[in-house]
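K.L.:
For reference, the chains in residue letters:
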Amino acid sequence: MSAAIYEEKQTDKTIAIVNTQAPFSSADGKEALDAALIFGSYEQATSLFFIGDGVFQVIGEQNASAIEIKDYLKTFSALEFYDIENIYVCQQSLTERNLMANFHIDNVQVLANEAFSQRLHQHNVIYRF
Amino acid sequence: MQNTLALVVTTPPNSNLTTTAINLVKRAIDKDVAIVGVFFYQDGVLNAAKHLSIPNDEYQALQHWQQLSNEYHVPLHLCVSAAEKRGLTDELSNNENSNIDKAFIVSGLGELVELTSKAERVVQL
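Respectively, the protein sequence lines represent chains A and B. Going by the working numbering, 120 is the number at position 120 of the first sequence; the sequence numbering is gapless. Going by the working numbering, 44 is the number at position 44 of the second sequence; the sequence numbering is gapless.
Treat the hints as calculated values from the structure; they're not laboratory data. Warning: the hint list may mix true and false statements.
To be verified - Simulated crosslink set (DSSO-like; lysine-lysine; CA at most 27 Å straight-line):
{"no.": "1", "chain 1": "A", "residue 1": "30", "chain 2": "A", "residue 2": "13"}
{"no.": "2", "chain 1": "A", "residue 1": "30", "chain 2": "A", "residue 2": "74"}
{"no.": "3", "chain 1": "A", "residue 1": "13", "chain 2": "B", "residue 2": "31"}
{"no.": "4", "chain 1": "B", "residue 1": "31", "chain 2": "B", "residue 2": "85"}
{"no.": "5", "chain 1": "B", "residue 1": "31", "chain 2": "A", "residue 2": "70"}
{"no.": "6", "chain 1": "B", "residue 1": "102", "chain 2": "B", "residue 2": "85"}
{"no.": "7", "chain 1": "B", "residue 1": "85", "chain 2": "A", "residue 2": "74"}
{"no.": "8", "chain 1": "B", "residue 1": "26", "chain 2": "B", "residue 2": "102"}
{"no.": "9", "chain 1": "B", "residue 1": "102", "chain 2": "B", "residue 2": "50"}
{"no.": "10", "chain 1": "A", "residue 1": "70", "chain 2": "A", "residue 2": "30"}
{"no.": "11", "chain 1": "A", "residue 1": "13", "chain 2": "B", "residue 2": "26"}
{"no.": "12", "chain 1": "B", "residue 1": "50", "chain 2": "B", "residue 2": "26"}
{"no.": "13", "chain 1": "B", "residue 1": "85", "chain 2": "A", "residue 2": "30"}
Bear in mind that the values here come from a model prediction, so they are computed numbers and not experimental data.
Kindly produce the complete structure, drawing on both the sequences and the hints.
P.N.:
Below, the structure is given as structure tokens:
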């Protein structure tokens, strides 16, 4: 099978990247962001979702250097340059963790469960980190 | 029209999800689904570590990947930046000293975009 066969079928897809892990306990958050920025640089319609412990990734005033970790959260500010403007955060996950809506990035949309689910299902491909 | 599938493997060879991924690819091939490619990301890149030595009576994930590559020509793409962070290097590619198995293609995240775009279905494990 040659690659050419697939070229014709190439379609525009919308990509959802779902973040479920806290930022500094594993590399998941950083590797999800790396993937998101690449999708963005290829002009793929990409949205970010934060649910469960993933909501910790959008909370402001964190000090990664205190635990010897590079603060990849600063890189979130690059998202707008890659036209990644849809950033959705689960309201219930924030509430369960007693977190205020104090985010280090703009354009964050906090959604209740049903709306969060609806947005997620509007995407063709879902990657979970 | 033939169905097309891309897989993204993020789990190491000793994870049962990796076994699930291998079984899924094999069944898909049986059902005449075209595998556009498998992309190895995060800890999934460890599947390409050729010096991993698993006891003989345990599941040999690498042998299954090699079979998929050799017999069914399934492209196995390795994210190089994730691989290098985990001690796998392509500097020695095509060199016997490389610690990446030659069934794998050293790629980047751009390949993930390509596979995602080309395949009708994408499954992540």
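K.L.:
Does each hint hold? Answer for all of them.
P.N.:
Checked hints:
no. : hint            : verdict
1   : A/30 with A/13  : holds, 23 Å
2   : A/30 with A/74  : holds, 11 Å
3   : A/13 with B/31  : holds, 25 Å
4   : B/31 with B/85  : violated, 36 Å
5   : B/31 with A/70  : violated, 46 Å
6   : B/102 with B/85 : holds, 19 Å
7   : B/85 with A/74  : holds, 20 Å
8   : B/26 with B/102 : holds, 20 Å
9   : B/102 with B/50 : holds, 8 Å
10  : A/70 with A/30  : holds, 10 Å
11  : A/13 with B/26  : holds, 26 Å
12  : B/50 with B/26  : holds, 21 Å
13  : B/85 with A/30  : holds, 13 Å
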